[in-house]
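Peer 1: Residues per chain are reported as follows:
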Amino acid sequence: MVRVLLNVPKQVRKGEPFDVKLLISHPMESGQRRDAMGLAIPRDIINRLICTFDGAEVFRMDLFPAIAANPFLAFSVVAERSGTLTIAFVDDHGVEQTETSAVEAV
Amino acid sequence: MTTVVPAFHRPADTRRRFLLTAAAGTMLPGIAAASPIQVAVLIRRLVGDAQLDRGRVKLDLPVLVENGNTVAMTVSVDAPPGTVESLHVFAEANPQPEVLRLVFGPRSGVPRIQARIRLATSQTVVAIARMHDGTFWQDSVDLLVTLAACID
Numbered sequence: 000m001v002r003v004l005l006n007v008p009k010q011v012r013k014g015e016p017f018d019v020k021l022l023i024s025h026p027m028e029s030g031q032r033r034d035a036m037g038l039a040i041p042r043d044i045i046n047r048l049i050c051t052f053d054g055a056e057v058f059r060m061d062l063f064p065a066i067a068a069n070p071f072l073a074f075s076v077v078a079e080r081s082g083t084l085t086i087a088f089v090d091d092h093g094v095e096q097t098e099t100s101a102v103e104a105v
Numbered sequence: 000m001t002t003v004v005p006a007f008h009r010p011a012d013t014r015r016r017f018l019l020t021a022a023a024g025t026m027l028p029g030i031a032a033a034s035p036i037q038v039a040v041l042i043r044r045l046v047g048d049a050q051l052d053r054g055r056v057k058l059d060l061p062v063l064v065e066n067g068n069t070v071a072m073t074v075s076v077d078a079p080p081g082t083v084e085s086l087h088v089f090a091e092a093n094p095q096p097e098v099l100r101l102v103f104g105p106r107s108g109v110p111r112i113q114a115r116i117r118l119a120t121s122q123t124v125v126a127i128a129r130m131h132d133g134t135f136w137q138d139s140v141d142l143l144v145t146l147a148a149c150i151d
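Residue numbers (numbering that gives the first Met the number 0), protein chains in the order written: chain A, 0 to 105; chain B, 0 to 151.
Derived from the structure by calculation, the hints contain no laboratory data.
Built from N, CA and C at the ideal position, the CB exists for glycine as well.
One thing to keep in mind: the hints can contain errors.
Here are the in silico distance ranges between beta carbons for each label pair [unchecked claim]: (1) A:Thr-99 x B:Asp-59: 26 to 32 Å; (2) A:Glu-15 x B:Val-140: 26 to 32 Å; (3) A:Arg-33 x B:Asp-52: 40 to 46 Å; (4) A:Gly-54 x B:Gly-133: 35 to 41 Å; (5) A:Gly-93 x B:Pro-79: 23 to 29 Å; (6) B:Leu-63 x A:Leu-4: 26 to 32 Å; (7) A:Asp-43 x B:Val-40: 48 to 54 Å.
Make a model of the complete structure from these sequences and hints.
Peer 2: Laid out in structure tokens, this is it:
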């Protein structure tokens, strides 16, 4: 489990885009670095992230080692009704994690 | 007018250059960079026979990057929500040229993504937007990186 900050406005207007900010505490080890002994540090990144709103997809994203450590993403979502924004991601070890936030549309 | 370089300067200079290249060699163990050709192949695979034009997509990156470990990037498309299929970003001199690939869904708002990326060295970064009508748009930024990422 990694620490995730998901910043969603508590209340949004129906059908109007709103911004969401996401910060995941993850080293995003690129696999290019070497340790003090000169051995390659194995790659360990979040490689896939899917954002959904009430079951419908907002976007899906493939991440590569070029994404900086502690990935920060900001994106835009449209809600036609109140619901739950869900962020699901999986790392190189196959560990999945989900983060949700309720959004009230008025 | 020609500058006369004293002879005793030359050996030291070549020796210094040799030491610099040797030092650079030990500092970068096996870091292979992608090439512009590799990126061109990836873009061709993505775009196929369709035309790739400049415009509509906007890649926001600083021209002078002080720290390649975290570079704030914004990719936005000048199009109404729901018309953009996907976004692709490539960095030609990173060890791996892909930076991100993003497919928009039905609940997506403004076609825009903000992220922080790593850049191994000074290079050209390319962003491509694929629209639902089958057209492709690109933007690129030539940037200078003072402190490179990926190297300890």
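Peer 1: The structure should be examined with respect to each hint, and the outcome stated for every one.
Peer 2: Results for each hint:
1. A:Thr-99 x B:Asp-59: 26 to 32 Å: 30 Å, holds
2. A:Glu-15 x B:Val-140: 26 to 32 Å: 30 Å, holds
3. A:Arg-33 x B:Asp-52: 40 to 46 Å: Taking Cβ atoms as reference, Arg-33 of chain A and Asp-52 of chain B lie about 42 Å apart, which means the hint holds.
4. A:Gly-54 x B:Gly-133: 35 to 41 Å: With a Cβ separation near 28 Å, Gly-54 of chain A and Gly-133 of chain B fall outside 35 to 41 Å, so the hint is violated.
5. A:Gly-93 x B:Pro-79: 23 to 29 Å: 37 Å, violated
6. B:Leu-63 x A:Leu-4: 26 to 32 Å: 29 Å, holds
7. A:Asp-43 x B:Val-40: 48 to 54 Å: Because 27 Å falls outside the window, the suggested range is violated.
When held up to the earlier numbered hints, the structure conflicts with 4, 5, 7 and fits the remainder.
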